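Enquirer: Starting from the known structure of chain G, arrange chain Z on it as the hints suggest.
Residues per chain are reported as follows:
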Amino acid sequence: MEAMSISDTAAEAARGLGVKAEKPAGGVHLTAWTERGDATARRFFTATALISLVIMTLIMIFLFQEGLGLFKTYSITDFLFTNEWYPTDEANPAYGILALIMGSIMVTLLSSLIAIPLGVGSALYLSAVARPRVREWVKPGIELLASLPSVVLGFVGMIVIAPFMQKVLDIPTGLNILNASFILALMAIPTISSISEDAMYNVPKEWLEASYALGANRWETVWNVWIPGALSGMGTGVVLGMARAMGETMVVLMVAGGAAQIPTSLFQSARPLPATIAAEMGETPVGTEHYFALFAIGIVLFLMTLAFSLLAAYISKRFQMKGSATL
Amino acid sequence: MSNDQAAYTRHLRSRKIKELVAFSLFRLTAVIVIGSLGGIILFLFMQGISAINWTFLTDVPRNAMTQGGIFPAIVGTLLLTAGAMLVALPLGVASAIYLSEYATEGRILTIIRLGIQNLAGVPSVIFGLFGLALFCVFFKFGISVLSGSLTLGFLILPTVISASEEALRQVPATFREASLALGATRWQTIRKVVLPAALPGVLTGSILGVGRAAGETAPIMFTAATFYTLRLPGSPLDEVMALPFHIYVLATAGTHIEQTRPLQYGTVLVLITLVLGMCLSAIIIRARMRRKKRW
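Order-wise, the sequence lines are chains G and Z.
Position 104, counted from 1, in the first sequence is what my numbering calls 104; the numbers after and before it change by one each time, with no gaps.
Position 219, counted from 1, in the second sequence is what my numbering calls 546; the numbers after and before it change by one each time, with no gaps.
Here chain G stands alone, though its shape is the one from the complex (with noise of 0.2 Å):
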C-alpha cells in the first residue's frame, strides 16, 4: 500500500511532465498531429469511463418506466403493505408484497448472522494468524468459493441439504429459510472476509509495533489495536456481503421453498423478491400487469440493495482511517 501510494505521487508528477510536454515551446508543426491524436485520445477515454454512469441510468430508466406503470391501475400502498401474492388469478388478482419484503429481509439477516462471524474469522485468522505459507493456500481458496456459481450452490442446498434437514430435524420441508440462509452465507462469506482482510492489511504496521513495544502480546494487539484501526473496512465488507446475500437469485429461487407467506419460523419457507421475479417473468406476456408488478418488485429490490451500496460507501468514507496511512 505504502508503495502504491508513492508511486502515486509519482504519477501525479508524470502527469505534470505529460501536460507541460503537450505544449513544447518550438516545433508544434512537427508534433500537431500527434498532439492532436492524443487529445482525441484523451476524449475518447473519458467518454468510455461514463459508459458505467450510462448503464446504471439506462437501468433505472427502464426499471422506473416499467414498473411504475403497475401504480396506475394498481395502489402502491396496497402493494406495500399487503401480502396477498395473486398474481395470475383471473377475476382478481392481487400484488402485495409484504411477504416477499419480510421472506428477503428474513433471509438476509440470517445470512448474516452466519456469514458475519464466518468471514471476520478467516479475515482475522489470514491477517494475524496463518503462517504466509498457509496463507498462500487458504486465500485462493476463498476467493475460489466466491467463483461458485450460485445455481451449483442452490443445486447442493436442493439436492444435499434439504433432505438432510429434512430427515433430521424432522420437519415438512428441508426447502426453507434456515437452509436457504446456509447457502447464501457461503455466497457472502468471500466478500465479507477479502474486504476485511484488505481493511487489516492497510492499518499502518507502526500501530502494531507500538502495541507491542508497550508489552502487549500478538492477541491483545488485535484487539485492542489492529481490529479498531480495520473497523470500518469492515463493516463495508459486511454491508456489501448483506447487499450480495440480499440481491441473490437462484439460490433463494431453488432452496427457499417459494410460499408466500409472512414467515413465522426459521423451518418455513419463504419467497424472497428475487426468487419471485426469477420464477414468474419468464411466463409472464410482457405489457400485462403481472409485468409490471414483476418490475415494480425490481425496484423495490433495487432501492434496497442501492441503500446498502450507498451505506458502504459512507462508511468507509466517514470513518476513514487517520493517521500514517492517510499522511
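Take the hints with a grain of salt, since some may be wrong.
[As the list claims (entries may be wrong)] Once the Cα atoms are required to be at most 25 Å apart in a straight line, the calculated DSS-like pairs of lysine-lysine come out as:
id, chain 1, residue 1, chain 2, residue 2
1, G, Lys139, Z, Lys519
2, G, Lys205, G, Lys72
3, Z, Lys343, G, Lys205
4, G, Lys72, G, Lys139
5, Z, Lys345, G, Lys205
6, Z, Lys619, Z, Lys519
These are calculated hints, taken from the structure and not from any lab test.
In this text the structure is predicted, and so the values were computed from the model without any measurement.
Expert: Frame of chain G, contents of chain Z only:
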C-alpha cells in the same frame, strides 16, 4: 515476594491462554469456510464423474432430456461467455485507462467511481429485467445470444474495470516518465509502454469476471436461455441452451427429476470445471507473475 512472582506468572499464563483461545477460534472459522468449499467440490466431483463420457459431452439431449448429452448447452454457455467478454473487455479496459492514466481528483471522478461501485452492487436478477426491457423488447433483439451477451457483459463490467485499473496502477511511474522524457505523448506512452506492461494483469483479472459470467443464471433466464433446442444457434439473434439454466430446469421443473439426477450431477460438474478452471488458472498465473515480477 515469591507471592508476587506467582501472581505474575499466573497473569502471564492467563494472557497466553486468552491468545490461544482467540486464535484457535479464528483458525476454526477458516477451517469451516475452506472445509465447506472443499466438501462441496469433492462431493460434486464424486457424484458427477460417473455421468461424464464422450456421448454426454458431444450429444444432444434425448428422450425428454432423460438421456443423451448437453452439447448445445456447452456451446451456448461458451458463446454467451465469449460475447460478454467482447462487450466488457474493451469498455472495461478503456474505462480503467481513464481512471488510472487521465483522471484527476474532482467531482467528475467521484461521480464516475460512485457509478461503478453502485453498478457492481446491482443484483443479477435486476440485470435480467433490464436486459429484457432494453435489449429484448425495446431494441427487439428478442430472446437471443446477443441480448444475453450484452446483459452479461454489462454485469461483469465493474469487475473488469477494477481488475484492469489495479493492473495499470501497478506499472511503475518510472516507465511512464522514461517514455514521456523521450518526447512521447501521453497516448503514445499508454499504447507502447503502459498497456503492454499491464496486459497480463488485465487479462488474469478479467478472466475472474468472465468466469462469473459463465456461471450466472438469473441474467440470462429471460434474455437468452431456452429450456430445450436441438439446433445450435445460427445467428446472434437465436436463443440458446446454457449450462446454468439447464441445471436449474432439470433440478426443479422437469417431469423426471429423479431419473435425470445423474445428468444433473454431470452438468454441474461440467459447469464448475469450466468456471473454477478459468478462475483457478487466473489465480495461478497471477501468483506466478507476482513472484517473477521484474520491477
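Enquirer: Hints first: check each against the structure and report whether it holds.
Expert: Here is what the structure says about each hint:
Between the alpha carbons of Lys139 (chain G) and Lys519 (chain Z) the distance comes to roughly 34 Å, so the proposed pair goes past 25 Å and is violated. Restraint check for Lys205 (chain G) and Lys72 (chain G): not satisfied, since their Cα atoms lie roughly 59 Å apart, outside the 25 Å limit. Between the alpha carbons of Lys343 (chain Z) and Lys205 (chain G) the distance comes to roughly 22 Å, so the proposed pair stays at or under 25 Å and holds. A hinted pair counts as satisfied when its Cα atoms are at most 25 Å apart, and Lys72 (chain G) with Lys139 (chain G) does not qualify at roughly 51 Å.
With a CA separation close to 23 Å, the supplied pair Lys345 (chain Z) and Lys205 (chain G) stays within the 25 Å bound. Taken as a hint, the Lys619 (chain Z) and Lys519 (chain Z) pair is honoured in the structure, with Cα atoms around 22 Å apart against an allowance of 25 Å.
Going through the hint list in order, the structure does not satisfy hints 1, 2 and 4.
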